[in-house]
Amino acid sequence: MRIFRVEATLVATARIGNLDHHRLLVVTERGSGSKQVAVDPVGCKIGDWVIACGSSAARDAAGSKDYPSDLTIVGIIDYWDEASPGDARAAGASGGEVRR
Amino acid sequence: MNIHRVKSDLVATYRTPSLADKSLRVVEDHSGNLEVALDPVGAKPGDFVITIGITAARIAAGDPRITTDLTIGGIIDHWSEERWRD
Numbered sequence: 001m002r003i004f005r006v007e008a009t010l011v012a013t014a015r016i017g018n019l020d021h022h023r024l025l026v027v028t029e030r031g032s033g034s035k036q037v038a039v040d041p042v043g044c045k046i047g048d049w050v051i052a053c054g055s056s057a058a059r060d061a062a063g064s065k066d067y068p069s070d071l072t073i074v075g076i077i078d079y080w081d082e083a084s085p086g087d088a089r090a091a092g093a094s095g096g097e098v099r100r
Numbered sequence: 001m002n003i004h005r006v007k008s009d010l011v012a013t014y015r016t017p018s019l020a021d022k023s024l025r026v027v028e029d030h031s032g033n034l035e036v037a038l039d040p041v042g043a044k045p046g047d048f049v050i051t052i053g054i055t056a057a058r059i060a061a062g063d064p065r066i067t068t069d070l071t072i073g074g075i076i077d078h079w080s081e082e083r084w085r086d
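The listed protein sequences derive, respectively, from chains F and R. Heads up, the first sequence stops at 100 in my numbering, and the numbers go up one at a time, no gaps. Heads up, the second sequence stops at 86 in my numbering, and the numbers go up one at a time, no gaps.
Just chain R, same shape as in the assembly (with noise of 0.2 Å):
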């Protein structure tokens, strides 16, 4: 798991089926690599994120079936822009 900052919403209204109708984030790493995940949480944007990453994405957006390789799992209650860059 890695920890991220939501950069924004992300609209894609012509996606695949097995999306269903999951929100979708831009995310950022602490070096400024931008990602998308899948966020079952609702995270808004500015908040710093655990993401997860490859088969355990599926399982954390509530359904095997979906296919993302970056789920956000939970949003962090205090984690500063220094400690994530260090």
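One chain only, chain F, in its complex shape (with noise of 0.2 Å):
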């Protein structure tokens, strides 16, 4: 599993059939900074600190083997203290907490 902070919702009204009305959430990785499409069954808001898996696990994570994720948040980070590069608010957080 993978350390991600949620970024944006993303809205693809086109989508194949077996994605569902599951939601999208833009997330970027903790380090690298890159941005990935994650699935979010939790309910995460904009700015969280999730964790997330891939591969199959991200399938069996959807909610169903037959679902076609390859990330899928399984968590959100109550404290996480280590302010990522930049990111005032996380830095100023007294006690590592971020999550809002």
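None of these hints come from the bench; they were simulated from the model. As the structure is a computational prediction, the values presented were derived from the model and not from experiment. Heads up, the beta-carbon is just placed ideally off N, CA and C, and yes, glycines get one too. Be careful, since some hints might not be right.
Facing chain F, a subset of chain R residues (Cβ under 7 Å, in silico) [as the list claims (entries may be wrong)]:
#, residue
1, Met1
2, Asn2
3, Ser18
4, Val41
5, Ile52
6, Ile54
7, Gly74
Output of the computed footprint for chain R on chain F, the stretches with three or more beta carbons under 8 Å from beta carbons of chain R [said to hold, decoys possible]:
#, stretch
8, 27-40
9, 53-59
Got two chains here, each in a separate frame; can you build the complex from them with the hints?
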């Protein structure tokens, strides 16, 4: 599992049927800063630090083995005090509370 | 899943039977790398799309027997070049 931060929600009306109505979020990986899209069965808010898993576990985590996801959020991190570079909001959070 | 932009159609008449008659598109990522994705949605050149990789790509193609490692899962309604390059 890897650590990401939620950047934005993603609206894609024209989508394949088996993607269903699951929420999709743009997430940035901690460290590399690369943007990816993850399925969100948990209910995250923008700015949350989350853990997400890939490969076949992503399919299971999204609710079924037949769900076409390669990155699924599996949890929201309660406390995360390591700020990513240039992240003033997380850096200023005393006690590491970054969840809004 | 990743965000790609559709660059063009790709025609490949002689192909493995496991690719069936699925449409193919050339897609580029934010740094300009080109890849080929299977397109069950019907995306047009210029569209920003969500692409699904690894084994989930085969499920997204509608039939797990189809041999693809990148499938377009949906067309993004609102996305800008700046947000993508950032």
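Comparing the hints with the structure gives:
1. Met1: holds (4 Å)
2. Asn2: Holds, because the Cβ-Cβ distance from R/Asn2 to chain F comes to roughly 6 Å (cut-off 7 Å).
3. Ser18: violated (18 Å)
4. Val41: Because about 6 Å separates R/Val41 from the closest Cβ in chain F, which is inside the 7 Å limit, the hint holds.
5. Ile52: Holds - the Cβ of R/Ile52 comes within 7 Å of chain F, reaching about 5 Å at its closest.
6. Ile54: holds (5 Å)
7. Gly74: holds (3 Å)
8. 27-40: With 5 residues closer than 8 Å to chain R, the stretch 27-40 of chain F meets the three-residue bar; holds.
9. 53-59: Per the Cβ count (5), the hint holds.
Checked against the numbered hints above, the structure breaks only hint 3 and satisfies the rest.
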